[in-house]
Amino acid sequence: MVSRPHGGRLVYRVATGKRREALLEEAREVPRLDVGLERAIDLLDIAYGAFSPLEGFLVQEDYISVLEDMRLHDDTPWTIPIVLDVDPAEIPGVSEGDDIALFYDGKPIALMRVEEIYGWDKKRHAQLVYKTVDVNHPGVAKTLARKELLVGGRIDLVGEPPNPFEEVTLWPRETRVLFRERGWKTIAAFQTRNVPHRGHEFVQKAALTFTDGLLVHPLLGWKKKGDYKDEVIIEAYKALIANYFPKNVVVLAGLRMNMHYAGPREAVHHAIVRKNFGATHFIVGRDHAGVGDYYGPYEAWDLFNEFPDLGITPLFIREAFYCKKCGGMATEKTCPHPPEYRIKISGTRIREMLRRGEKPPEYMMRPEVAEVVLKYSNPFVE
Amino acid sequence: MAEKKGKYTTVSIPVTLYNRIKKLIEGTGFTSVSQYVTYVLREVVAEHEQASQEEPFTEEDKERIIEKLRKLGYI
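Protein sequences, first through last, are from chains A and B. Residue 193 in the working numbering sits at position 193 of the first sequence, with consecutive numbering throughout. Residue 35 in the working numbering sits at position 35 of the second sequence, with consecutive numbering throughout.
Same shape as in the complex, but just chain A (with noise of 0.2 Å):
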């Protein structure tokens, strides 16, 4: 049996047929507000059920208890705030019970039920989520860049941004479907931001000897300076599963959701969401949703024991590295030779290769995938 939805129902708030004629109608009449690329991929997730159980922007009351103690106010654990910022001038004489519609780049994209407005502390915000108030954290700066207000309530979904990879995309309903069809009952889920090196792979493996299925679920969405474009990552993947994975143990699908860099929350954050699509099994890796070195490498694996409940079983899997004595991938619980055999397969090493133009080593990368990496002239975001 497949994960039941994160607190207890599968939300679906997009409106289609004659409601959604009706809310489009209603969208040029009401008070607009426009919003960005990121706060419309909330909109995605919240109205297609990888955020359930919300089911609009958070309200106060849930926000504060996120933010202090990593739960809905109903005890749904929940450890990163979905919050809509405005500034005062965009909403003026917008009050609480009104409805306004949100627009993307010039089109309507939902129609949202104003339940609450109110301020918040950015910093305190930044801290509890991200344990620092550092600006060079990515997901600070953000934070603090943010509008004075939040409003929370309801969303209906009547429009979509533009998806460059439709043909990759699955939403909750789908995957559930999906695994379902192929008579999976547990499913281990993978979340990168990352072409696949053999670390990747090795982990992914280790999970599928005792699962049925492997749901790939690269993040689309934004990502910091630096990080793979999100077709150099589907392209790689593509090429992985195509060439070292058994047919049909592996579902390969985009998720439109942006990162925080929020490390052990959003590590639970990310189990969260994959449990609302199906998933039974999270692998949680090392400095998992991380960046530089503002967290533990295996700090997010002890939040994980705050959530007896969370309904999704964490995978810890320790970081693999090549082993010369060995021959193959291991890690250190499999192999007991000395750090002279080891070699660590880093990221940072494998991207400074890539970028000069150079295919890392076998042991480090699939010529395959690499193959894919080196045919876009800048694979990394700028």
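Since the hints were made in silico from the structure, they are not lab data. These numbers were taken from a predicted model, which means no experiment stands behind them. Hints may be right or wrong, so weigh each one.
Selected chain B positions facing chain A (Cβ under 8 Å, derived; list incomplete) [said to hold, decoys possible]: (1) Val33; (2) Tyr39; (3) Arg42; (4) Glu43; (5) Val45; (6) Phe57; (7) Lys62.
Backbone N, C-alpha and C define an ideal beta-carbon position, used for all residues, glycine too.
Got chain A sorted already, so can you dock chain B onto it with the hints?
Below, chain B without anything else, positioned relative to chain A:
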């Protein structure tokens, strides 16, 4: 019954059980009996909730989704 407001409430447990738990959590990461009891209850409640799962979509939705998955080559 009206829903409780506020952040915490009191639940009574036998003193003997309280003392056993207090002893049990010595030297563990739990810093209070309340913290331990909350942890255990959340685990038990989640198990019960899991058992009462319902399908989150209709048969009609399912057919539409299967059609899309076929078109995309997933099945």
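Now for the hints, and whether the structure bears them out:
1. Val33: violated (16 Å)
2. Tyr39: holds (6 Å)
3. Arg42: Nearest chain A Cβ about 4 Å off; hint holds.
4. Glu43: This interface hint holds because 4 Å falls under the 8 Å limit.
5. Val45: Result: holds, 7 Å to nearest chain A Cβ.
6. Phe57: holds (5 Å)
7. Lys62: holds (6 Å)
Taken one by one, the earlier hints fail for this structure only at number 1.
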